[in-house]
Amino acid sequence: MALLEIRNVTRRFGSYTALDNVSIDVEAGEFFTLLGPSGCGKTTLLRMIAGFDLPDSGQILLDGKDMVGIPPEKRPVHTVFQTYALFPHMTVADNIAFPLKMAGKAPQEIKKRVNELLERVHLPNFGNRFPHELSGGQKQRVAFARGLVNRPRLLLLDEPLGALDAKLREEMQIELINLQKEIGITFIFVTHAQDEALALSHRIAVMNRGNVEQIDEPSKIYSAPRNHFVADFIGKISVMNAAVMEAVPSHLKLAIEGLGEVTAPAREGVEVGDKGVLAIRPEQVRISHPSNESQLKNHFRGKVHDFLYVGDVTTYIVELVNGAYIEALLPNSAPGRAKFFEVDDEVTISWRHDAGIFLNDPQ
Amino acid sequence: MIKSEMKEKQLARLLVSAPPLLFLIVFFVAPSLIMILTSFRFPGEFGGLAPVTPPSDKAIGEYGFTSDAYQFFFSDFIYTEIFLKSFAVAFGTTLICLILAYPLAVLIARSRKHLRNLMVLLVILPFASNFLIRIYAWMIILGPESALSHFVNTVLAAFGIAPVTLLFSPFAVLVGMVYVHLPFMVLPLYTNLEKHDPSLLDAAQDLGANAWQRFWRVTWPLSLPGVFSGSALVFIPVLGMFAVPDILGGTGDILIGNLIKDQFLGTRDWPFGSALSIMLTLAVLSVAGLTTWFARSASGQRAT
Chain S
1 MALLEIRNVT RRFGSYTALD NVSIDVEAGE FFTLLGPSGC GKTTLLRMIA
51 GFDLPDSGQI LLDGKDMVGI PPEKRPVHTV FQTYALFPHM TVADNIAFPL
101 KMAGKAPQEI KKRVNELLER VHLPNFGNRF PHELSGGQKQ RVAFARGLVN
151 RPRLLLLDEP LGALDAKLRE EMQIELINLQ KEIGITFIFV THAQDEALAL
201 SHRIAVMNRG NVEQIDEPSK IYSAPRNHFV ADFIGKISVM NAAVMEAVPS
251 HLKLAIEGLG EVTAPAREGV EVGDKGVLAI RPEQVRISHP SNESQLKNHF
301 RGKVHDFLYV GDVTTYIVEL VNGAYIEALL PNSAPGRAKF FEVDDEVTIS
351 WRHDAGIFLN DPQ
Chain G
1 MIKSEMKEKQ LARLLVSAPP LLFLIVFFVA PSLIMILTSF RFPGEFGGLA
51 PVTPPSDKAI GEYGFTSDAY QFFFSDFIYT EIFLKSFAVA FGTTLICLIL
101 AYPLAVLIAR SRKHLRNLMV LLVILPFASN FLIRIYAWMI ILGPESALSH
151 FVNTVLAAFG IAPVTLLFSP FAVLVGMVYV HLPFMVLPLY TNLEKHDPSL
201 LDAAQDLGAN AWQRFWRVTW PLSLPGVFSG SALVFIPVLG MFAVPDILGG
251 TGDILIGNLI KDQFLGTRDW PFGSALSIML TLAVLSVAGL TTWFARSASG
301 QRAT
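Protein sequences, first through last, are from chains S and G. Residues in the first sequence are numbered from 1 upward in steps of one, following the UniProt record's numbering. Residues in the second sequence are numbered from 1 upward in steps of one, following the UniProt record's numbering.
Isolated chain S, as found in the complex (with noise of 0.2 Å):
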């Protein structure tokens, strides 16, 4: 038995439907992601196991127990909120005893173990001083600890690491991975940014208009994304209108109009007069001078329409012959060179016959 259960949950505010029809479940231990643009209904999902909002229909189960009629207080489940709504007239040390306090631990075992989660965010020495004396980061970790302190079942983090800058937010994210790894906590962290989705979870839930899109490891999510919504939403990717041609067991041959013959990774239920896009990766994806003959089955010549220099790649776009724009990402490895072609530069374009995906879903 999964650890949360959300069957067939659907919540609507007027004629807009926040959730429609969505389960998932997330088992004990999980570092499990919600992930989509704004107003896809992730906040909407976590209010609802929080407690601070009811599903109109469906259950929302916890441990095997149905979790409705159980007001946010009485439930096993802290968040961090993302504006980490630390308490201004408490110190850290009450903050983080804060959640004990409530549920009327003794003062020793309070102390003992509020200076064993101060121990563990790195901030021993922090617990006289107020919020407003903290940093950013400081804060998040003094949040995370009053989240944590009192053990809960589940841990909701909503977009926690939204307010702080790039560097420290690389920083904070792996001290997050540990500190749930140590901890063995269940991690439901909510975020719109693909990247820290990926690199944090252990599964992710893409989520779109109200509905789940695909549930999946993050490296399934990338390489194997199901419908175009999650290729388009994690990552870049290239898309070029295809037609199926012949689909075996082993592969998919595939007519792209104006450039020609493509081979594809096979793909269950894709049948030949299929017609859809091939999605690929810009990783995937050579960029080489045209002299040097591809030994790749899928190449094409192009012509560089544009690139993006970004310090340790260059991800040049390509016009194709058809008229079609695909994007390559080339490694500077090579020490003081910047790039290695410049705009109106013929090029020849290729990628592996096992690379790109054919999605045929309706757009």
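If you're looking for bench data, these hints aren't it; they were derived computationally from the structure. We put the CB at the ideal spot given by N, CA and C, even for glycine. There may be inaccurate statements among the hints.
Claimed, not checked - Selected chain S positions facing chain G (Cβ under 7 Å, derived; list incomplete):
#, residue
1, T44
2, H89
3, M102
4, A106
Put chain G on the given structure of chain S with help from the hints.
For chain G alone, kept in the frame of chain S given last:
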């Protein structure tokens, strides 16, 4: 060029600060000094003050400076008693205002925006009509023939208790005081409560706090600065108020404000009136000082 600009700036600053400074000197500093001087003089025979120098024709009568007024205050305990009673009334009024105003302020602060403005308007609406008229209205409401009096006495009679007079009693004074000063408590409380971050209450609830714990551990401590400023705005004016006890109180319900008023308009003992005023001012200042100190030590721990 820079020098002339600086001079211009200085001149501008002087021009801007001059009117309020002048106002304070003429209407606060000067009168205060006059009061202090007056309190150390002898009263004149028919009001006013006795001369400072001996009258030229005959050397009888009092003249010069004296601390008689202050000695007189401490010679009879009744004056200290009136002082203490005034403090008790001020304290009681403040407490009742706080108890009545707090839920109202919470209600306003948690209402929707356009409703909030309407409710604040309703709180300050009584200021649109004259203060004395509003007090006189209470004479009618509390009068012996009023519906309220009839109702109260009917209820009391049912329990076999003799009828009471509501008007001209300490009760009427307290009602009037609370009525007049309630908005001064509601507004600072509302201003404070409105700024509270609602996510703090969510966090408290999420972490296991029930409704009472959320109030006592989050809302109340965060609202203390509002509580202190509201209390000061009620306590201080009540201490000097004479109109309400004059109109609604009985003969035994005089407060320090009435006593001072009487010295100038009735008994015509200007020095004693001045001495009382100065002692009241000192008392108010010390209360205000204490309140500020408490408020600061309570809010010194909060982020702003």
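Results for each hint:
For T44 of chain S, the suggested interface contact is broken, since its CB lies about 14 Å from the closest CB of chain G, more than 7 Å. About 5 Å separates the beta-carbon of H89 of chain S from the nearest beta-carbon of chain G, less than 7 Å, and the hint is met. For M102 of chain S, the suggested interface contact is upheld, since its CB lies about 4 Å from the closest CB of chain G, less than 7 Å. The restraint placing A106 of chain S at the interface with chain G is violated, with a minimum CB-CB distance near 16 Å, outside the 7 Å limit.
Checked against the numbered hints above, the structure breaks hints 1, 4 and satisfies the rest.
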